[in-house]
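Q: Sequence:
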Amino acid sequence: MLKLRLFAKPGNYYLFDYRKSNSKFNRVLDDFYIKNNKLCQFCNVEIKNNHSIVNIDHDYANNVKSNLALSCLLCARTQLLDFYPLSYQGTDKLVYWPELSQAEINRLLTELVKKSLENNDDLFSIKTLYSYFNEKSDILTHLCSSEVINPGFYRLISSSSYSNHKIISGIRILFSYDFIKNNSITTTDNSRESQTERKTENSSQNESDNKSENEEG
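The opening residue of the sequence shown carries number 1 in the UniProt record's numbering; numbering runs sequentially from there.
Honestly, the hints are just simulated from the structure, not real lab data.
No more than 20 angstroms apart at the CA atoms, straight line, and that leaves these computed lysine to aspartate or glutamate pairs for EDC-like:
hint, residue 1, residue 2
1, K48, E104
2, K115, E104
3, K48, E118
4, K114, E46
5, K3, E104
Kindly produce the complete structure, drawing on both the sequences and the hints.
A: The structure is reproduced here in C-alpha cells:
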C-alpha cells in the first residue's frame with residue numbers, strides 16, 4: 001500500500017474536483033478502479049462508492065499514470081485538506097491519535113460505519129466509540145494551547161514555522177459518522193458528492209436562510 005499522510009496545498013482540491021468533468025479522465029479512473037481490484041491503494045478498503053484518483057506527489061499538474069493512485073473518499077480527502085476553509089463549522093475534525101496511522105483510522109471508521117448499517121443493534125456501541133474518538137480532539141487542543149480542530153487549520157499548524165514535530169506527526173483527521181455513511185457507504189454519484197457537500201458545509205447559513213424563506217412561503 002502507498003503511504004498516506006495529511007496534506008494541504010491551496011488549490012489542489014479545486015484541480016482534483018475540476019477534472020471529474022473530463023470524460024477522458026473518467027475513463028482512466030474506471031481503468032484504475034478495475035486494475036486495482038476496487039481496493040484503495042492507501043488503506044486497502046474495498047471501494048463501493050466515490051472512488052477517486054489522487055496524485056501521489058500532490059502535484060496536480062503532474063498527471064502521468066505512474067503518479068496516479070486509486071483512493072477511497074476518506075483517503076483522498078485526507079490529502080486534500082485545502083477543501084476545508086478556515087470558517088469550516090462541520091463535524092470532521094483534527095485529533096491527536098499517534099497510536100494509529102491515518103490509513104488505519106480511515107479503514108477502522110469505514111468498517112465501523114458499514115457494520116452499524118448492516119446491524120442496527122451495533123449502532124449504539126459504535127456511536128459510543130465515536131464519542132471516545134472525538135475526545136482526542138480535546139487532547140490536540142490541550143497540546144497546542146488553542147482550539148485547532150478545524151481541518152482547515154492543518155496547513156497553518158504544519159508549516160515549517162511550527163516547531164513541534166512530535167505533535168504534528170500525531171495529528172490525524174477524524175471523519176464524522178454521517179459523512180462516511182452518506183458519502184462513502186451509501187452515495188453513488190461522485191460529482192454530486194463534491195458539489196452537495198461543499199454547498200452544505202461552506203454555505204450552511206445561506207441554505208438555512210433559504211429554507212426558512214421557503215417554509216414561510
